[in-house]
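*Asks:* So the chains spell out like this:
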Amino acid sequence: MSIFVDDDTRVVVQGITGGEGKFHTRQMVEYGTNVVAGTSPGKGGQDVDGIPVYDTVEEAVDEEDANASVVFVPPAFAGDAIFEALDTDLDLVVAITEGVPTQDMAKVNKRLSETDTRLIGPNCPGIITPGESKLGILPGNIFEEGNVGLVSRSGTLTYQVVSNLTERGIGQTTAIGIGGDPIIGTSFVDALEAFENDPDTHAVVMCGEIGGEDEEQAAKFIAEHMDTPVAGFIAGRTAPPGKRMGHAGAIVSGSGTGTAESKISALNDAGVPVGDTPNEVADHIEDFL
Amino acid sequence: MVMKLHEYQAKDIFAEAGIPVPESRLASSVEEVMEAVEEIGYPAAIKAQVHVGGRGKAGGIKIATDEDEARQAAEDILGMDLKGYTVERVLVEAGVDFENELYVGITMDRSEGKPVAMVSTEGGVNIEEVAEENPDAIAREHIDPAFGLHPYQARKVVFEAGIPRDVAFDVASFLTTLYDLYESNDASDIEINPVMITSDRDIVAADAVMNIDDDALFRHDDLAAMEEDAYENDLEAKAGEYGFDYVRLSGNVGIIGNGAGLVMTTLDLVDYFGGEPANFLDIGGGAKAERVSNALDMVFSDENVDSVVFNIFGGITRGDEVAKGINEALESFDEIPKPVVVRLAGTNAEEGMEILNTDLVQVEGTLEDAVQRAVENAQEVSQ
Numbered sequence: 001m002s003i004f005v006d007d008d009t010r011v012v013v014q015g016i017t018g019g020e021g022k023f024h025t026r027q028m029v030e031y032g033t034n035v036v037a038g039t040s041p042g043k044g045g046q047d048v049d050g051i052p053v054y055d056t057v058e059e060a061v062d063e064e065d066a067n068a069s070v071v072f073v074p075p076a077f078a079g080d081a082i083f084e085a086l087d088t089d090l091d092l093v094v095a096i097t098e099g100v101p102t103q104d105m106a107k108v109n110k111r112l113s114e115t116d117t118r119l120i121g122p123n124c125p126g127i128i129t130p131g132e133s134k135l136g137i138l139p140g141n142i143f144e145e146g147n148v149g150l151v152s153r154s155g156t157l158t159y160q161v162v163s164n165l166t167e168r169g170i171g172q173t174t175a176i177g178i179g180g181d182p183i184i185g186t187s188f189v190d191a192l193e194a195f196e197n198d199p200d201t202h203a204v205v206m207c208g209e210i211g212g213e214d215e216e217q218a219a220k221f222i223a224e225h226m227d228t229p230v231a232g233f234i235a236g237r238t239a240p241p242g243k244r245m246g247h248a249g250a251i252v253s254g255s256g257t258g259t260a261e262s263k264i265s266a267l268n269d270a271g272v273p274v275g276d277t278p279n280e281v282a283d284h285i286e287d288f289l
Numbered sequence: 001m002v003m004k005l006h007e008y009q010a011k012d013i014f015a016e017a018g019i020p021v022p023e024s025r026l027a028s029s030v031e032e033v034m035e036a037v038e039e040i041g042y043p044a045a046i047k048a049q050v051h052v053g054g055r056g057k058a059g060g061i062k063i064a065t066d067e068d069e070a071r072q073a074a075e076d077i078l079g080m081d082l083k084g085y086t087v088e089r090v091l092v093e094a095g096v097d098f099e100n101e102l103y104v105g106i107t108m109d110r111s112e113g114k115p116v117a118m119v120s121t122e123g124g125v126n127i128e129e130v131a132e133e134n135p136d137a138i139a140r141e142h143i144d145p146a147f148g149l150h151p152y153q154a155r156k157v158v159f160e161a162g163i164p165r166d167v168a169f170d171v172a173s174f175l176t177t178l179y180d181l182y183e184s185n186d187a188s189d190i191e192i193n194p195v196m197i198t199s200d201r202d203i204v205a206a207d208a209v210m211n212i213d214d215d216a217l218f219r220h221d222d223l224a225a226m227e228e229d230a231y232e233n234d235l236e237a238k239a240g241e242y243g244f245d246y247v248r249l250s251g252n253v254g255i256i257g258n259g260a261g262l263v264m265t266t267l268d269l270v271d272y273f274g275g276e277p278a279n280f281l282d283i284g285g286g287a288k289a290e291r292v293s294n295a296l297d298m299v300f301s302d303e304n305v306d307s308v309v310f311n312i313f314g315g316i317t318r319g320d321e322v323a324k325g326i327n328e329a330l331e332s333f334d335e336i337p338k339p340v341v342v343r344l345a346g347t348n349a350e351e352g353m354e355i356l357n358t359d360l361v362q363v364e365g366t367l368e369d370a371v372q373r374a375v376e377n378a379q380e381v382s383q
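Here the protein sequences come in this chain order: F and E. Heads up: the first sequence runs through residues 1 to 289, numbered per this note's numbering. Heads up: the second sequence runs through residues 1 to 383, numbered per this note's numbering.
Honestly, I wouldn't trust all of these hints.
[As the list claims (entries may be wrong)] Quick list of in silico lysine to any residue cross-link-like pairs, SDA-like style, CA-CA up to 25 Å: (1) E:LYS288 with F:GLU30; (2) E:LYS83 with F:PRO240; (3) E:LYS338 with E:ALA349; (4) E:LYS288 with E:THR366; (5) F:LYS22 with F:PRO41; (6) E:LYS4 with E:LYS83; (7) F:LYS243 with E:GLU276; (8) F:LYS110 with E:ARG155; (9) E:LYS288 with F:ARG26; (10) F:LYS220 with E:LYS114; (11) F:LYS243 with E:ARG25; (12) E:LYS338 with E:GLN362; (13) F:LYS110 with E:GLU183; (14) F:LYS243 with E:MET118; (15) F:LYS243 with E:GLY54.
[What the hints assert, rightly or not] To spell it out: a stretch of chain F is covered by chain E in this simulated footprint if at least three of its residues, at any positions, have a beta carbon under 8 Å from a beta carbon of chain E; those stretches are: (16) 176-183; (17) 221-229.
It is worth saying that the hints were derived from the structure and are not from the lab. Small disclaimer: the values here were computed from a predicted structure and weren't measured. For glycine and all other residues, C-beta sits at the position ideal for the given N, C-alpha and C.
The task is simple: from the sequences and hints, build the whole structure.
*Replies:* What follows is the structure, encoded as C-alpha cells:
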C-alpha cells in the first residue's frame, strides 16, 4: 500500500512542452509513472516523446482518463493552472512551481476547500511511491520500497533523510514534499492522517522547519490520533528572527512565533523524538521497526 | 520574501487612493529639511526613511517645534546608523493635533490561508506587545480572498474594536480602501500605526508600513521600480545581483548548499558541532557551474569567513556541474583563500567526484563529516 499515488495514477503534466516539464516528464516515465497526457495551451495536437499534448486539462481527462496532474507552469500562470486542474475534478494536483504569488494561492486555497481534489505544494518536490509512481522532481534512485512514510516541507532535506534510511536498508511506502510556501494544499496533518490509515506504513518521518504553526498542529494530531510511531526533524534552529531562510514560509516572526524550539518541544511533548542530525532521525526510525 | 516600501512610498500610494496623510516633503540634506519645514510649519516630525522597525525608540524620529530643533534633528538623523542602515533620507511631515491613536492592519493569516483585517484602539504603541499581553484589544476579521472585504465586515471589526462611534463609519471605509490597496498591490502586509483621529474628528494615516510579495512583482512594474538598496550590507546586495537566497550571520563558517531546508540543516549542524555559521546561501535547484562559482565568490568575499562547507544533495542539481563550478572558482586563485570542504550526493555525484580537483578541496562522504571538518578548519584558522 501507499498513500495518494500508486500504479493506477494516470498523470497529465501541465506545462509539458516547457524545459522543466519536458525533462521531468522523461524522468517520471523512466521511473515508471503512468504519464498519459500533457497540456500546453496552443500546442494541442503535438506530442512529447509520444505523449499526447492537449490545450486544456479537460480534454486530457476526457481523452486519456487522467486523474492526477503535475504542474510545471511558470509562477505567473501557476495559480490559473491549479484552478484549471481543480475545476476538472482531478483526484490529485501536484504543484512543483516555485514563486507563486501568495494572494493567488489564497484564492486557490478557497476554491480547493470547495472540491474533493487533493493539492500538494506549490513549491514542492512532489510525491513518490517507490517502485510504483513518482509525480514531481524527486530523484527516484535514492528511494526504495519499504514501510516508512515520509513527509517534509523541504526537497533536498527529504533526499538527505531518505538516503540515511535507504543506506540502512529501510525503504519507504510513500514520500511527500508538501512545500515551503506560506499557503500550501496538503498539510502535515493531512499526510500524517493518511499514513496512520495505511496498514503498510509502520513508522513515519516528519521533517519540519521554522515558520508558521503547521508542526505544532501536527504534534497535536500525533498525540491525539496516531498509533504509528513518528520521528521528527526541524530545520532552522540557528535562524535569526525576521530573516527569511530561503523558503517564503521559513521565517521566525519578530514576535517569536514559528521558532524551532517551540516546534521541537511540541513534538517531544507528543512523544515524537526529534533528531539533532538527519542521521539521528534514521536511528529513531530503526528503533521503531 | 517581501519587498519593503519606505514610509514615504507607502504614503504616496495611500494618498493616491484617497487615504488622508499629513502634508510632507522628502529631504536628503539639512538644507532640504530646513526648506521643507519652512513650507510645512511647526510642529514638524523628522522621520528617518530606512527599513527598520522601532525607528522612534532608536532615535530615528524627532519632533521639531522651531528652526533650531529642526536643524538639530536633521543633523542628528541624516547619516546616522540605525540598526545597521545608514539614514540617507528623511520625511519631513506636518505634526498632527490628535485626540486618539488607533491601529489598523491587514496581513495574511497563514494558518487560515486567508487575509485578516485587524483594528485596535491601542494604536501608537508596539502592537506585538498588545497582541501578546492583551489579545482581546485587537479585533480581527478574516477576509474571503475571492470576494474581498465586505463593507459589513469592515463595520463589524470596527465596532468590535470599540472605535469611537462618531468616526466608526469613516474608519470602516478607510479599512475597505486599505484592503483594496492590499489586494491590488499584492501586499503581504499593510500596517498603519497609528491612525490618528484629530481634534476635528478627521482620520489621518500618521505612519505607513507596506510590504509587497516579491513573487508578485512581475505584475507590478510601478512597485518593482521602487525596489532599491534594501540591503543591510554589501554582501546581501551582491547576493541580490547573483539571485541567491542569502542571509549573513555572525559566525566564521561559510555555508553553501542547495535547497532551503538542507542549507538550514547545514547551519544547524555547524552549530551542533561547536562552530558558528557565517551565512545561509542557497544556490537553488538546477544550478549550473557559473552559479556555483558565484556562490564561492560570495562567501570568499565575506571577511568573517574562515572556512567553507559546500553541501550538495542533487535532485535537479547535477554533481558534475557543481564540481565544474568549484574547479573554475578555485583554479583562478594562486592560493585558495579559505579551506573548502565539499560533500556531493545525489544526481551525478559520482561524475562530479571524478571531475572535482581534489588538490584544491577536502572531500567528505557524509553531511556530518563534512560539517565537522569545516568547523575544525575554522577553529584552526581563527586560532
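*Asks:* Given the proposed pairing of LYS288 of chain E with GLU30 of chain F, does the C-alpha separation stay at or below 25 Å?
*Replies:* Holds, because 24 Å separates the two Cα atoms, which is no more than 25 Å.
*Asks:* For the pair supplied as a hint, LYS110 of chain F and ARG155 of chain E, is the alpha-carbon distance within the 25 Å limit?
*Replies:* Since the Cα atoms of LYS110 of chain F and ARG155 of chain E sit roughly 23 Å apart, the hinted pair holds (cutoff 25 Å).
*Asks:* Within 25 Å, alpha carbon to alpha carbon, are LYS22 of chain F and PRO41 of chain F?
*Replies:* The given pair, whose Cα atoms are some 15 Å apart, holds under the 25 Å limit.
*Asks:* With the threshold set at 25 Å, check whether the alpha-carbon distance from LYS338 of chain E to GLN362 of chain E stays at or below it.
*Replies:* 11 Å, holds
*Asks:* LYS243 of chain F and GLY54 of chain E were given as a pair; does the straight-line alpha-carbon distance stay at or below 25 Å?
*Replies:* Measuring from Cα to Cα gives roughly 17 Å; hence the hint holds.
*Asks:* Taking 8 Å as the C-beta cutoff, is the stated coverage of the segment 176-183 of chain F by chain E satisfied by three or more residues?
*Replies:* holds (count 3)
*Asks:* Under the criterion that the straight-line Cα-Cα distance not exceed 25 Å, is the pair LYS288 of chain E, ARG26 of chain F satisfied?
*Replies:* The given pair, whose Cα atoms are some 20 Å apart, holds under the 25 Å limit.
*Asks:* Could you grab the alpha-carbon distance between LYS4 of chain E and LYS83 of chain E and see if it respects the 25 Å cut-off?
*Replies:* 16 Å, holds
*Asks:* At least three residues with a C-beta closer than 8 Å to a C-beta of chain E: is that true for the segment 221-229 of chain F?
*Replies:* Our answer is that it is violated, as 0 residues pass the Cβ test (under 8 Å) against chain E, missing three.
*Asks:* Does GLU183 of chain E sit within 25 Å of LYS110 of chain F, going by the straight-line distance between their CA atoms?
*Replies:* Distance ~15 Å between LYS110 of chain F and GLU183 of chain E Cα, so the pair holds.
*Asks:* Take the C-alpha atoms of LYS288 of chain E and THR366 of chain E, compute the straight-line distance between them, and say whether it is at most 25 Å.
*Replies:* Given pair LYS288 of chain E, THR366 of chain E holds - Cα atoms ~23 Å apart, limit 25 Å.
*Asks:* Assess, step by step, whether the Cα of LYS243 of chain F is no farther than 25 Å from the Cα of ARG25 of chain E, and give holds or violated.
*Replies:* Violated: LYS243 of chain F and ARG25 of chain E sit about 31 Å apart, past 25 Å.
In terms of the numbered hints stated before, the structure departs from hints 11, 17, listed from lowest to highest.
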